[in-house]
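Sequence order for the protein chains is A and B. Just so you know, this note's numbering puts 1310 at position 84 of the first sequence, and the rest follows in order with no gaps. Just so you know, this note's numbering puts 278 at position 87 of the second sequence, and the rest follows in order with no gaps.
It should be emphasised that the hints constitute simulated quantities derived from the structure, not laboratory data. There's no promise every hint is true.
Stated by the list, open to error - Using C-beta positions, here's what the derived DEER-type ranges look like: (1) B/D230 <-> A/E1295: 33 to 41 Å; (2) B/S194 <-> A/D1227: 32 to 40 Å; (3) B/S274 <-> A/V1238: 38 to 46 Å; (4) A/E1305 <-> B/E247: 24 to 32 Å; (5) B/E200 <-> A/K1297: 23 to 31 Å.
Source: prediction; values computed, not measured. We put the CB at the ideal spot given by N, CA and C, even for glycine.
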Amino acid sequence: DVKVTQSSRYLVKRTGEKVFLECVQDMDHENMFWYRQDPGLGLRLIYFSYDVKMKEKGDIPEGYSVSREKKERFSLILESASTNQTSMYLCASSTSGRVSYEQYFGPGTRLTVT
Amino acid sequence: GQSLEQPSEVTAVEGAIVQINCTYQTSGFYGLSWYQQHDGGAPTFLSYNALDGLEETGRFSSFLSRSDSYGYLLLQELQMKDSASYFCAVRDSRAAGNKLTFGGGTRVLVKP
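Next comes chain A alone, as it looks inside the complex (with noise of 0.2 Å):
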């Protein structure tokens, strides 16, 4: 089974604090993305890699970067935490070619700045 695991389910930070958010994925798959998702807007996506060292902007890259310096993990940086990326952080992977459809989430990050 796809294994998609985030280091925490629950996180706490101050306004203007840097925020990691890290996540793992245990199936060699290329891909990686991070999804914010807010009650009635689905989710939308941050940055996406498809490749070791290479990201591409999703739809709301604005305050925040990712990291992908290994093939499993792929991480997502808040330089500067503000009030309004309080939200549910959901990371994804998935297999890279015409056949692959299939994106397998995390369980979430609940995240809260105060």
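We have chain A already, so just place chain B on it with the hints.
Relative to chain A, chain B alone:
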């Protein structure tokens, strides 16, 4: 860009049939996926349609009409455990990395 529209909420009784519609506007289309998410859980993949027509997987079926930019998820013989949110998602043909754009989600509430 991409945009997807789906109803925000649907309520039905056990044993009933529910159809969740999804209309999309995209500048490049590869396929339509459906995901299920229970409260507090992670989204899990249900189905994928790249070609027109109906795909059946047990009690759930998914349909796509590329010419109408429209698809639906059909939940049959509803069970209490089907209470969850359901998301449609479009795979962009132009994007590297299997990028998906998700709709806002439809919350399905199954009543006894």
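Hint check results:
Distance hint check: the CB atoms of B/D230 and A/E1295 are about 34 Å apart, consistent with the given range 33 to 41 Å. With their beta carbons about 33 Å apart, B/S194 and A/D1227 fall inside the hinted range of 32 to 40 Å. A hinted range of 38 to 46 Å is violated for the C-beta pair B/S274 and A/V1238, which are about 29 Å apart. Between A/E1305 and B/E247 the beta carbon distance is about 47 Å. The supplied range of 24 to 32 Å is therefore violated.
Checked against the given bound of 23 to 31 Å, the beta carbons of B/E200 and A/K1297, roughly 40 Å apart, lie outside it.
When each numbered hint is compared with the structure, violations occur for hints 3, 4, 5.
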